[in-house]
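A.B. asks: Chains A and B supply the protein sequences, listed in that same order.
All letters in the first sequence, in the order written, are residues 918 to 1349 by this note's numbering.
All letters in the second sequence, in the order written, are residues 649 to 1115 by this note's numbering.
Since the hints were made in silico from the structure, they are not lab data.
Be careful, since some hints might not be right.
As the list claims (entries may be wrong) - Restricting the straight-line Cα-Cα distance to at most 27 Å, the calculated cross-link-like pairs of lysine-lysine (DSS-like) are: (1) Lys735(B) <-> Lys1166(A); (2) Lys1095(A) <-> Lys743(B); (3) Lys968(B) <-> Lys1046(A); (4) Lys829(B) <-> Lys1166(A); (5) Lys832(B) <-> Lys1183(A); (6) Lys1166(A) <-> Lys653(B); (7) Lys1226(A) <-> Lys791(B); (8) Lys743(B) <-> Lys1093(B); (9) Lys968(B) <-> Lys1095(A); (10) Lys777(B) <-> Lys720(B); (11) Lys1236(A) <-> Lys1094(B); (12) Lys1051(B) <-> Lys1142(A); (13) Lys755(B) <-> Lys968(B); (14) Lys1093(B) <-> Lys1095(A); (15) Lys1031(B) <-> Lys1176(A); (16) Lys1046(A) <-> Lys791(B); (17) Lys1226(A) <-> Lys1176(A); (18) Lys804(B) <-> Lys1142(A); (19) Lys720(B) <-> Lys653(B); (20) Lys983(B) <-> Lys758(B); (21) Lys804(B) <-> Lys1166(A); (22) Lys1236(A) <-> Lys791(B); (23) Lys1099(A) <-> Lys968(B); (24) Lys1094(B) <-> Lys804(B); (25) Lys968(B) <-> Lys1183(A); (26) Lys829(B) <-> Lys1176(A); (27) Lys656(B) <-> Lys804(B); (28) Lys832(B) <-> Lys1176(A); (29) Lys1099(A) <-> Lys1093(B); (30) Lys1046(A) <-> Lys832(B); (31) Lys777(B) <-> Lys1236(A); (32) Lys791(B) <-> Lys1095(A); (33) Lys720(B) <-> Lys758(B); (34) Lys1099(A) <-> Lys1142(A); (35) Lys1183(A) <-> Lys791(B); (36) Lys656(B) <-> Lys758(B); (37) Lys1166(A) <-> Lys832(B); (38) Lys791(B) <-> Lys1176(A); (39) Lys1166(A) <-> Lys791(B).
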Amino acid sequence: MDHINLDFLKRIMGRIVTAGFDHAEVQIVNEHLTEMQVDFSDFALLRNTESDQITLRGIMGGRFATIMLNQLDEVNLQTGIALLQEAAQSAPVDTARSFAPSQLVPNNEMGPLEPMHYQMHERVSHFLKNVGENYPECMLKQSLLRYIRTRTLRANTEGLEVDSTEGYYNHGVRFLSKRNGKTSSINYSGAYASDLEVELLDWGGLRRAIESSSREIAIVPFQGKLTGPIVIAPDAFAVLLNFWLAHLKDDRMISGTSKFSASLEKPVASPLLTIGIEPRNPAFAKQEFMTEDGYGSEPSVILQNGILKTFMLSDYGAKKTNLARSVNSGNNWVIEGGTKSLVDLFGDVDNGLFLGRLSGGMPAANGDFAIVAKNSFLIESGFISKPVSELIVSGNLFQIMSAITSVSRERAVDGMTMVPWVCVEGMTATGR
Amino acid sequence: MLDLKSLKSEFSTASGVYRVYSEIRYQENRKILLVLNNGELETNLTDTTRGVSARSFTGGYWGFSSYSNPSKDSALSALRESTRNAKFLAGRSQKSGSTIAFSQVGKFDKSYASSKSPMSTAIWLEFLKFLDAMILRKYPDLKSRQLRMQALDIEKHIVTSDGQEIHTMVPRAHFTVSMTKSTKQGPIQFQDTRGGLGQLQDHFLVNPDTFESWIDEIYQMTARKAEGVSPAAGPRDVILAQDLAAIVMHEAIGHAAEADLVLAGSVAAEQVERLVGSPLISFTDFAHTYAGKTCPQPVHIDDEGIEAENTSIIHNGVLKSFMNNRETAMHFEQKPTGHARAFSHSDEPLIRMRNTVVHPGSSKIDAMIASIEDGYYLMKAGKGQADTTGEFMFAVGTGFEIKNGKLGRVLRDTSISGLAFDMLRSVSMVGDEFKWDSSGYLCTKKQLMPVGVGSPAIKCRVRVGGN
Chain A
918 MDHINLDFLK RIMGRIVTAG FDHAEVQIVN EHLTEMQVDF SDFALLRNTE
968 SDQITLRGIM GGRFATIMLN QLDEVNLQTG IALLQEAAQS APVDTARSFA
1018 PSQLVPNNEM GPLEPMHYQM HERVSHFLKN VGENYPECML KQSLLRYIRT
1068 RTLRANTEGL EVDSTEGYYN HGVRFLSKRN GKTSSINYSG AYASDLEVEL
1118 LDWGGLRRAI ESSSREIAIV PFQGKLTGPI VIAPDAFAVL LNFWLAHLKD
1168 DRMISGTSKF SASLEKPVAS PLLTIGIEPR NPAFAKQEFM TEDGYGSEPS
1218 VILQNGILKT FMLSDYGAKK TNLARSVNSG NNWVIEGGTK SLVDLFGDVD
1268 NGLFLGRLSG GMPAANGDFA IVAKNSFLIE SGFISKPVSE LIVSGNLFQI
1318 MSAITSVSRE RAVDGMTMVP WVCVEGMTAT GR
Chain B
649 MLDLKSLKSE FSTASGVYRV YSEIRYQENR KILLVLNNGE LETNLTDTTR
699 GVSARSFTGG YWGFSSYSNP SKDSALSALR ESTRNAKFLA GRSQKSGSTI
749 AFSQVGKFDK SYASSKSPMS TAIWLEFLKF LDAMILRKYP DLKSRQLRMQ
799 ALDIEKHIVT SDGQEIHTMV PRAHFTVSMT KSTKQGPIQF QDTRGGLGQL
849 QDHFLVNPDT FESWIDEIYQ MTARKAEGVS PAAGPRDVIL AQDLAAIVMH
899 EAIGHAAEAD LVLAGSVAAE QVERLVGSPL ISFTDFAHTY AGKTCPQPVH
949 IDDEGIEAEN TSIIHNGVLK SFMNNRETAM HFEQKPTGHA RAFSHSDEPL
999 IRMRNTVVHP GSSKIDAMIA SIEDGYYLMK AGKGQADTTG EFMFAVGTGF
1049 EIKNGKLGRV LRDTSISGLA FDMLRSVSMV GDEFKWDSSG YLCTKKQLMP
1099 VGVGSPAIKC RVRVGGN
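Bound conformation, chain A alone:
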């Protein structure tokens, strides 16, 4: 990768233009991964990979094509450009295709630029010891501590030139708890960090999830039906929110199947919900410098007190729909916290459910969903009580997002997003 620089990209770009393209763009992403894997509370694998992904894009007489390669040698580049020509010649004219203009995209180096093998091993060893001593009922199924460094170079015929490098750590854990032959449901937790200063147990919501797992051992099948309020944990809320936000993005907006295509500046969700995207929030280890279509990333507000402020469209999606382009890729969610503490959020629920995780299933195109709830508890008289299994939560995605009755002051921060706990009405939980 040492010989790869913007001049190298510009030379490839020149060859694409020579091949008959009016506009060309070249992107090279070089990634280094170091992964320490633990299976069942013992080290299993140390893995490192180095990969390049080269994307060649071209527009010829309004006809657009993309080719992806992972080799930078002459033979492969030549083949790639020939394939790009063939693909563009067979593509229809599409005037919505264009490349990002020259702009001041900051060239960054962020986060750790080399993995710290010894510290990684030490952190994982300490994590295993810590879990063993403090949470003896916890059975780790797998723990993956990863270091990832990504260098992105991008240049196009409009004058865009970007060379950015970011490094970060990511830790993901799968686990359950076991006592006297009884087990909890499996749970997962993952988070990002820019260094290894903090104990792995204290990354994101891992400690909270392991403690909750221990309480889930006494799990019993849920009986009957519950239509009372449901408090949704950040991980589960993020799953629902992802489905909901898909209605603001290219696929649904271009195909005309979005629920919200005519809802800009209109109420589409509870007034308690404000969703921002902050790609450079200093609280995040995994940030975003540049959008997927090559624009410098900036913060935006998607929902302001339930009012839809902007769609989440790429440059292409914006041109196809005659709407504004999103100024980021929509990954770094910052959902505004509410006024209630978590204690009060639960305290206001007499008879309800705490929904820890959603498993499988997805809403139909009209928003109706029925999904299995995992890691969940009944709420009785304002307190979390019995853990329950075998229950399905159902409702309509659009109605649920409008039926949020409170949002917690506390938010879960996983190094990439900030998401609160929310309480909703209108969802049904059904058991055996």
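Once you have looked at the hints, place chain B on chain A.
C.D. replies: Same frame as chain A, but now just chain B:
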């Protein structure tokens, strides 16, 4: 293609004084994806990923390293680094008694590449545009339509330090048509997929008119689903259609019998030689051939150089064996039967199913439907999940009511859920017509993986929907 034979002599050099098992793999994944959305070419992608990796095992620990530059130097670097990585872990921890099985395959070479010449992107785009125009002309009332054509060739060359030398090329190609209709309750979508083992020219180098009746069927189901009903929620007698049964069995039962997940405490852990389901159920993971025909995802030798053999998971309701890799086979004192596969050159081999088959029974589908007074015939698996405790949940794309033994109204999207072995115990009829699923199913377990899944229809009791 990188010649790995010359690297065999490097195995002992890289390991030094340690006793090390190593393998080197060169792999190339070639992907084509064309998506036509309402007549517009949304995606026109050719993606070729190749590289070389090495994996080494010593003292009970694995090391892995990969490079996307597939040169001899990169292969040697990967071998050295993988050995160093394994030693790094072995030098800091102690794991006694962990060893791996060895193989005696020798040389093996098998390619499923098409005998027909490949076609240019332009030909496939014309194919898609022709069918898109046909849909638009015949069915202007659709809110949206999407045509997706994709192909994935996976080619591997593997050498191992115990003397195996393997080359395989397994392609698959699929074509999906998706239609959406507006209703008062919001948009309703239905889709279907054709394809399987082979390259695009093996499946779709035909007059596109021959797809008209299939497209008509998709439209009819979309239209009927738009007028359809939501099923009543709760435990119900149902018939899982072939495609749905195949995927549910793979996810809810198959994964629980993967030895790495068994070691992690899956629900199958203590159940070998015990009755876990109806005696009507037999479930096998076939390596490459079933009923005299090549399976959708044939595996002859796995990525650890182990000869792939059929693995009987459940026979007449009794759990028989787990699926192993070299390491877990030694742990369970079973024979490794070739389940270790990696998706890309930069992935390490994991225990994966190849072609899971629910063996057909003797029931006619009409008799199965006639046996249900009030239930559902369910089709089209959507997004789902099953965890190792046996709890599963799948979105279901459509189906039919069954009232008094007869098919009734079409169903809208719903879901099924339950406990894997409870569902298996409830099986009361197994259809006599087996079918491979043609949806191009990609299983996810740390990495994606193409798999084959097939089943007859199954009558059982599961929980339907949620309201």
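A.B. asks: Confirm or reject each hint.
C.D. replies: The hints, checked one at a time:
no.: 1; hint: Lys735(B) <-> Lys1166(A); in the structure: 47 Å, violated
no.: 2; hint: Lys1095(A) <-> Lys743(B); in the structure: 23 Å, holds
no.: 3; hint: Lys968(B) <-> Lys1046(A); in the structure: 36 Å, violated
no.: 4; hint: Lys829(B) <-> Lys1166(A); in the structure: 20 Å, holds
no.: 5; hint: Lys832(B) <-> Lys1183(A); in the structure: 21 Å, holds
no.: 6; hint: Lys1166(A) <-> Lys653(B); in the structure: 49 Å, violated
no.: 7; hint: Lys1226(A) <-> Lys791(B); in the structure: 26 Å, holds
no.: 8; hint: Lys743(B) <-> Lys1093(B); in the structure: 25 Å, holds
no.: 9; hint: Lys968(B) <-> Lys1095(A); in the structure: 26 Å, holds
no.: 10; hint: Lys777(B) <-> Lys720(B); in the structure: 44 Å, violated
no.: 11; hint: Lys1236(A) <-> Lys1094(B); in the structure: 36 Å, violated
no.: 12; hint: Lys1051(B) <-> Lys1142(A); in the structure: 25 Å, holds
no.: 13; hint: Lys755(B) <-> Lys968(B); in the structure: 31 Å, violated
no.: 14; hint: Lys1093(B) <-> Lys1095(A); in the structure: 23 Å, holds
no.: 15; hint: Lys1031(B) <-> Lys1176(A); in the structure: 21 Å, holds
no.: 16; hint: Lys1046(A) <-> Lys791(B); in the structure: 57 Å, violated
no.: 17; hint: Lys1226(A) <-> Lys1176(A); in the structure: 15 Å, holds
no.: 18; hint: Lys804(B) <-> Lys1142(A); in the structure: 52 Å, violated
no.: 19; hint: Lys720(B) <-> Lys653(B); in the structure: 11 Å, holds
no.: 20; hint: Lys983(B) <-> Lys758(B); in the structure: 23 Å, holds
no.: 21; hint: Lys804(B) <-> Lys1166(A); in the structure: 37 Å, violated
no.: 22; hint: Lys1236(A) <-> Lys791(B); in the structure: 20 Å, holds
no.: 23; hint: Lys1099(A) <-> Lys968(B); in the structure: 24 Å, holds
no.: 24; hint: Lys1094(B) <-> Lys804(B); in the structure: 20 Å, holds
no.: 25; hint: Lys968(B) <-> Lys1183(A); in the structure: 59 Å, violated
no.: 26; hint: Lys829(B) <-> Lys1176(A); in the structure: 14 Å, holds
no.: 27; hint: Lys656(B) <-> Lys804(B); in the structure: 16 Å, holds
no.: 28; hint: Lys832(B) <-> Lys1176(A); in the structure: 12 Å, holds
no.: 29; hint: Lys1099(A) <-> Lys1093(B); in the structure: 25 Å, holds
no.: 30; hint: Lys1046(A) <-> Lys832(B); in the structure: 57 Å, violated
no.: 31; hint: Lys777(B) <-> Lys1236(A); in the structure: 22 Å, holds
no.: 32; hint: Lys791(B) <-> Lys1095(A); in the structure: 51 Å, violated
no.: 33; hint: Lys720(B) <-> Lys758(B); in the structure: 23 Å, holds
no.: 34; hint: Lys1099(A) <-> Lys1142(A); in the structure: 25 Å, holds
no.: 35; hint: Lys1183(A) <-> Lys791(B); in the structure: 24 Å, holds
no.: 36; hint: Lys656(B) <-> Lys758(B); in the structure: 20 Å, holds
no.: 37; hint: Lys1166(A) <-> Lys832(B); in the structure: 23 Å, holds
no.: 38; hint: Lys791(B) <-> Lys1176(A); in the structure: 13 Å, holds
no.: 39; hint: Lys1166(A) <-> Lys791(B); in the structure: 17 Å, holds
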